[in-house]
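K.L.:
For this one, chain V is given, so just place chain R on it according to the hints.
Quick note, the sequences are listed as chains V and R, same order.
Note that the working numbering has the first sequence beginning at 1, numbered continuously upward.
Note that the working numbering has the second sequence beginning at 1001, numbered continuously upward.
With the Cβ distance kept under 8 Å, some of the chain V side facing chain R (calculated, not the full set): (1) Asp45; (2) Gly84; (3) Ala86; (4) Arg93; (5) Leu165; (6) Asp166; (7) Gly168.
Just some of the chain V residues that point at chain R, by a computed CB distance under 10 Å: (8) Gly41; (9) Val42; (10) Lys48; (11) Asn83; (12) Pro87; (13) Thr88; (14) Pro89; (15) Tyr149; (16) Asn150; (17) Arg153; (18) Ser154; (19) Arg163; (20) Arg164; (21) Phe169.
I should point out that these hints are in silico values taken from the structure, not numbers from a laboratory.
Note that this is a predicted model, so its numbers are computed, not measured.
Glycine is no exception: its CB is placed at the ideal position from the N, C-alpha and C atoms.
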Amino acid sequence: MRHIFLILTSLALIAGANAQSRKERKILFGSTYNYEVAVLGVGQDGTKVFKVWGYAKKVDDAIVQAKKNAVAACIFRGIPGGNGAAPTPAICREANAEETHADYFDSFFATGGKYLKYVNLTTDAVPSGQDRLKVKGGYKVGIAVQILYNDLRSDLEADGIARRLDAGF
Amino acid sequence: MKKIFLFLATISLSLAALAQAKKPTIMVVPSDVYCISNGFSQQFIANGVEQTLPDYKKMVQNDRNMRLAITKLAAIMADRGFPLKDLEQELKNLAQEEAEVAAMQGKEGGEIVESPIDKLKRTAKADIIMDLDFNVQKRGPQSYVNFNLRGLDAYTAKQIAGAAGSGQPSTAAAPELLLEEAVISYIDEFNGRLQSFFEDMFKNGREVKLQLKRFNSAAFDFEEEFDYDGDTKEFGDIVDAWLEKNCVQGRFSRVDGSSNMLKYEQVRIPLFKESSSGRQTAIDARGFANDLRAVLRKPPFGIDCKVYQRGLGEAWIVVGEK
Chain V
1 MRHIFLILTS LALIAGANAQ SRKERKILFG STYNYEVAVL GVGQDGTKVF
51 KVWGYAKKVD DAIVQAKKNA VAACIFRGIP GGNGAAPTPA ICREANAEET
101 HADYFDSFFA TGGKYLKYVN LTTDAVPSGQ DRLKVKGGYK VGIAVQILYN
151 DLRSDLEADG IARRLDAGF
Chain R
1001 MKKIFLFLAT ISLSLAALAQ AKKPTIMVVP SDVYCISNGF SQQFIANGVE
1051 QTLPDYKKMV QNDRNMRLAI TKLAAIMADR GFPLKDLEQE LKNLAQEEAE
1101 VAAMQGKEGG EIVESPIDKL KRTAKADIIM DLDFNVQKRG PQSYVNFNLR
1151 GLDAYTAKQI AGAAGSGQPS TAAAPELLLE EAVISYIDEF NGRLQSFFED
1201 MFKNGREVKL QLKRFNSAAF DFEEEFDYDG DTKEFGDIVD AWLEKNCVQG
1251 RFSRVDGSSN MLKYEQVRIP LFKESSSGRQ TAIDARGFAN DLRAVLRKPP
1301 FGIDCKVYQR GLGEAWIVVG EK
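Isolated chain R (complex conformation):
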């Protein structure tokens, strides 16, 4: 009996140790200032106001220097265990996907169903954006590169890593060489900060955003009071209490709230949870929101909810219906 217990304990410990957190995807995206100042932009008139947006397709088709920088960064990041999503390929895939979705038919003539939201979601995305900007400056006969690389968490909109500065001026070196030198020079500093971010994530949980909204068909609003856990509280306060219990070290901030919405930021969710089979499985914002939805489906609320995923780091729970 003792041996069986020891065996089972060893197996469960091994499973916990083998659990892997969901790996964030990373993509190098040229900064807006780079695209616009180099002419890779497009103008729109929205509500009578002219807007200038970067034209990434034009940039990848014309800018050899940026392609060189992206290639160099991708090679270095792949060596560090993070193969990058390639912006150029991603743009091509999206165009191809759109054509295939439009052309695909079932044997009975059925077409693929796509809501406006599905179409909106079909954009190039990554969990971490490496926002890159550089320009070659002249000082007399010498050239040097100003380099600015920022790591942005796509969901919390926080800068999680960065490296910036100017390279050594040179009279002889070509701009491509100066650019390559800048990438090599700054990438270790950037990765050092990225590693600090990951270490913090493993220690204090993944930082995500969570929003609760309501369909107009919902039977109650977020100021309604319920008897819950032997106490009478507003719906919003009950959600606060649930978050405090389920977040890592109870860390979250309610940044806004009304009778129709609750908005939470800096929600630190655990990276793993125990599945029904006893295994440690990786979770993201959607998995965490699903746990809250399960609570809302039970009495005293007894209400259907829709969980809307926005990448690894943001989820919405829309109360009222699926």
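Bound-form chain V, shown alone:
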């Protein structure tokens, strides 16, 4: 009897430790750092091609979020290497650029905002199979994107958000 009690207590504790509260899920879904990116290969000159995931309650919203994440990854975190492509550094190299230029990025990433200018090609027909996973509280959706990386960098440099390579010379 004592053994059964111990096993049940342990199981309850493990389950409790792994469970995400509704609040935690909401935070994760809304997190601006929650980008999952897998590089698909070397893109055409000036572009980056990778797969990116987005989370939302509805599939359509998750697709929109994935596109935002794709552009945000290029700006703030950089893109990892893979499939023959070398890693790409973040366009904004200063720490906390997102907070320093909060007003700029609020309008940049508003739904239907300027960020869409740099998302050239996606597979955003309703994804299926492993690219459309039902998770607790919504969907995790993966889309392949081509981002106009050089155009994005040039525009951010022109707007004074990113530092040019030849700045100061």
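P.N.:
Same frame as chain V, now just chain R:
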């Protein structure tokens, strides 16, 4: 009065803000291993020892793949604000310059004076070398490119940027396509590291080398003691004290020294100094060495010095005469 003061303050601040550091020149140079392994090399016998050196002229005249890589890199770097010096054009210019110097005469028949040092200095150079190496490898029916791009500071001999790796194997793609893909793939990583180098330079000063040497006509050697700043010190220690005062955050390393030479590395010099007109002007190793020369010309030293420039990043002060 207050308005005049404010106006003057605004003008001087604007001038300081507009000051631009001296822009380093960049050139793509094929690595020695690339040239030698592809047969673009020449052999010399120096002091009984056979030496193999890259033959850049032969390479630019025969290697289409390297030309393609250089063109691609140059286009990308020009977009980033750094038009590259072209090795091929530089070699042609040097040959043309040599012919013109030999042929040029004044109206009175005077010829251009050129010392052996002037002739030695007439070589293709840049402040930053993009040292490029690649080779196409086979794995069964597939080909892939091994790519290695290093950014070298020509004066400190430090690697300041780099990107290297292998591309994705392909059965169908031609070697030129694989090479182009490798350039596109690695250049952002390379430029990211180059940008870190520039950011460090703006924050901590330009890293240069400085050497002091003496002509045999100099009145003293570098172990002689002088009364300077209320203290009696060896000449070398006085130079150390001056560097500590004038380097960014007092950063420099004396790597070697004797009674005839002082050798400094990792000397962090400011990028700007205030000119006599109050403007912020960009300086390089030569400008910095000139300031030290001005100190040496005054008492208690009172000695003439020659400042010998080796690009943006290295200068020698030769004590004793001009």
